[in-house]
Amino acid sequence: MPEDQSIAIDVRDAVKRYGDFTALKTISLSILDNEFFTLLGPSGCGKTTLLRMVAGFEDVTEGEIYLYGEEIKNLPPHQRPVNTVFQNYALFPHMTVLDNVAFGLEMRGRSKAQARSRAGEMLELVQLSQFSNRKPSQLSGGQQQRVALARALAPQPKALLLDEPLSALDQKLRKAMQLELKHLQRETGITFVFVTHDQEEALTMSDRIAVMSEGELQQLGAPRDIYEHPHNMFVADFIGETNLLEVSVDTIANGRATCHLGGGHELTCNQVDGIAVGAKVHMSVRPERLFISDDPAEGESLKGRVQENIFAGTDITTIINLADGPNFTVRTSNSNRGNKRIFEPGNEVFVNMELGAARLLVD
Amino acid sequence: MAQRKYDIKSYRGFGAMTILCLVVLYAPLVVVTIYSFNASNSITVWEGLSLRWYVDVFSGPESAKFKLAAWNSFVIAIIASTIATAIATLAATAIVRGGKFRLRTASIGLISLPLMVPEIVTAVATLIFFNYIGFDRGLLTIVLAHIAFCIPFAYLPIAARMQGIEDSYEQAAMDLYATKRQVFTRILLPLMAPGIISGYLLSFIVSLDDFIITNFVKGAGIETLPTAIFGAVKQGIKPNIMAISTMLLAVSIIMVTISYIVSKSDNTK
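Top line first, the protein sequences correspond to chains A and B.
Quick note on the working numbering: the first sequence kicks off at 0 and runs consecutively.
Quick note on the working numbering: the second sequence kicks off at 264 and runs consecutively.
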């Protein structure tokens, strides 16, 4: 048993099978106390299954789940001190907003009056006091979302589980709720486990992210770490935009690997363990780490020709074709345009990056 | 509108057919209702508006018989529909919420079977059953038989309602520390209430109106309203029968209407 109280949820070798289908293949991860932790992955990757296993709605085929050192995998949902915010909120339609929020407290044995007064405080926290006597159906989607949050937080769970709670909201509301959730997590000091398929959402809100795919953990780390140092092809491709190119490794020295891009172009990448000379692997470099110039700059430079400019408001995306080689997508921020030279299609240019911006990936 | 061409209302003879159907279905009811207010002793000659046959039902020479029969009918209907609704609610909970279990399909079939079987067959079978186990016929046999055939009528609206309730409400309740029993009483039951009320009213009416099965399983000397009416009609139709029928019709219409309205009210939205 882990005595370490800094670990909120400890998932150990958890496997979930439905008949012949394996939804989760031996996942182990530790979610820290007071952490905003995100399970990120495309639909069907097993992230929701894992969350429901923690909540108690799915049994664990193999492995263990500990909540602050206590084995919980055999407890029914109502005996687990965790609460869930459901994707469709699941607010009880026949109860008022106040009774919805008070429900968990009442079930835990608080008197009706106590439960209601605490529920009132929770509604104040999410700024919905004036709606306490309404029915959930009389609220907007964003308001329902906040009621669901208040309801799940009211009994002061040891961890709050959130199952894609923002997916039903429109873009603007979503952005606002992302911040609100983050603040709420800090204010309450409760461990949040958040499930989403939206990588931007995950990067914005999380302390740490577990990227999942096909029932497996792909990478676990801080948002910045995952974005800047994707471990494998799936993570590089799934998180953010990237230039993903097939390369062959020529030489390896001092943590750098010199690679062939095709068409005689060479590039020095960061070396990763498990890649040997002669290997055909993938390389990733983020479009915003590249810049364009007329003459080769310091660092790594590749000669090419501008193919297309795509204007997207905050930035401009330029596609550059290396002679007989691959294309690079370069993102230039749309600030200081006056000082910046705009490269027109057909211009001969250099694509530049600092040494180390390009990373080799294991498949 | 271009669509109008394909509208069923524009088919030739649609209107006439509709009217024919309505007449065949409802004309007898309308005639009985109108003639129940007839002042005449005859059931066919109109002599003017009067409530005398309604007065006759409550205070005429046959009033005692009818009152007792009506009392029996209501007692039987209340007991039978209450028990049938309780059983149907549990059955719906098991079948709709019990996940996949062996004989689930068979259970659904078994529960709705009485709707398909000709009533006379059920009546004869029930009678033979009671004889076989040596059960004396009386009020109790009627109640038992009514419970049996009321279950599917109560089950259908309850199950339909239950299918419309997402199981995330129950999960949310469990997640918020409610035990299985609390989930049932605090969440599922209130959400199912419209279906349960609707099922109750429907089975109540079916029990109240039943003639065939009741006639077979009732003991000598025990009458319900339908069997009493039948008995009276055998000695010749008097206008007081029409008055009783009209009142029974009114009760049925009211209950079916309430049942319909309640089942339409959606407290999950």
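Keep in mind the hints are simulated off the structure, nothing from the lab.
This structure is a prediction, so every number in the text was calculated from the model and none was measured.
Treat the hints with care, as some may be off.
As the list claims (entries may be wrong) - List time: in silico DSSO-like cross-link candidates among lysine-lysine, alpha-carbon distance up to 30 angstroms:
{"no.": "1", "chain 1": "B", "residue 1": "LYS328", "chain 2": "B", "residue 2": "LYS443"}
{"no.": "2", "chain 1": "A", "residue 1": "LYS171", "chain 2": "A", "residue 2": "LYS134"}
{"no.": "3", "chain 1": "A", "residue 1": "LYS157", "chain 2": "A", "residue 2": "LYS72"}
{"no.": "4", "chain 1": "B", "residue 1": "LYS443", "chain 2": "A", "residue 2": "LYS111"}
{"no.": "5", "chain 1": "B", "residue 1": "LYS328", "chain 2": "A", "residue 2": "LYS24"}
{"no.": "6", "chain 1": "A", "residue 1": "LYS24", "chain 2": "A", "residue 2": "LYS111"}
{"no.": "7", "chain 1": "B", "residue 1": "LYS443", "chain 2": "A", "residue 2": "LYS134"}
{"no.": "8", "chain 1": "A", "residue 1": "LYS157", "chain 2": "B", "residue 2": "LYS443"}
{"no.": "9", "chain 1": "A", "residue 1": "LYS72", "chain 2": "B", "residue 2": "LYS443"}
{"no.": "10", "chain 1": "A", "residue 1": "LYS72", "chain 2": "B", "residue 2": "LYS363"}
{"no.": "11", "chain 1": "A", "residue 1": "LYS72", "chain 2": "A", "residue 2": "LYS134"}
{"no.": "12", "chain 1": "A", "residue 1": "LYS134", "chain 2": "B", "residue 2": "LYS527"}
{"no.": "13", "chain 1": "A", "residue 1": "LYS72", "chain 2": "A", "residue 2": "LYS181"}
Hint check:
1. For the suggested pair LYS328 of chain B and LYS443 of chain B, the alpha carbons sit about 49 angstroms apart, so the restraint of at most 30 angstroms is broken.
2. With a C-alpha separation of about 25 angstroms, the suggested pairing of LYS171 of chain A with LYS134 of chain A holds against the 30 angstroms cut-off.
3. Taking the CA atoms of LYS157 of chain A and LYS72 of chain A, the gap is near 15 angstroms; set against the 30 angstroms cutoff, the hint holds.
4. Annotation: proposed proximity of LYS443 of chain B to LYS111 of chain A holds, straight-line Cα distance about 20 angstroms (limit 30 angstroms).
5. In summary, the hint linking LYS328 of chain B to LYS24 of chain A is not supported, as the alpha carbons are separated by about 76 angstroms, beyond the 30 angstroms threshold.
6. Proximity of LYS24 of chain A to LYS111 of chain A is assessed by CA-CA distance (about 44 angstroms); at most 30 angstroms being required, the pair is judged violated.
7. Of the pairs offered as hints, the one joining LYS443 of chain B and LYS134 of chain A holds, with about 24 angstroms between alpha carbons and a cut-off of 30 angstroms not exceeded.
8. The hinted pair formed by LYS157 of chain A and LYS443 of chain B meets the criterion: a straight-line CA distance of about 22 angstroms does not exceed 30 angstroms.
9. Between the alpha carbons of LYS72 of chain A and LYS443 of chain B the distance comes to roughly 18 angstroms, so the proposed pair stays at or under 30 angstroms and holds.
10. Pair hint LYS72 of chain A plus LYS363 of chain B holds up; C-alpha atoms about 23 angstroms apart against a cutoff of 30 angstroms.
11. For the proposed pair LYS72 of chain A and LYS134 of chain A, the alpha carbon gap of about 35 angstroms is over 30 angstroms, so the pair is violated.
12. Restraint check for LYS134 of chain A and LYS527 of chain B: satisfied, since their Cα atoms lie roughly 19 angstroms apart, inside the 30 angstroms limit.
13. Taking the CA atoms of LYS72 of chain A and LYS181 of chain A, the gap is about 28 angstroms. The hint holds against a cut of 30 angstroms.
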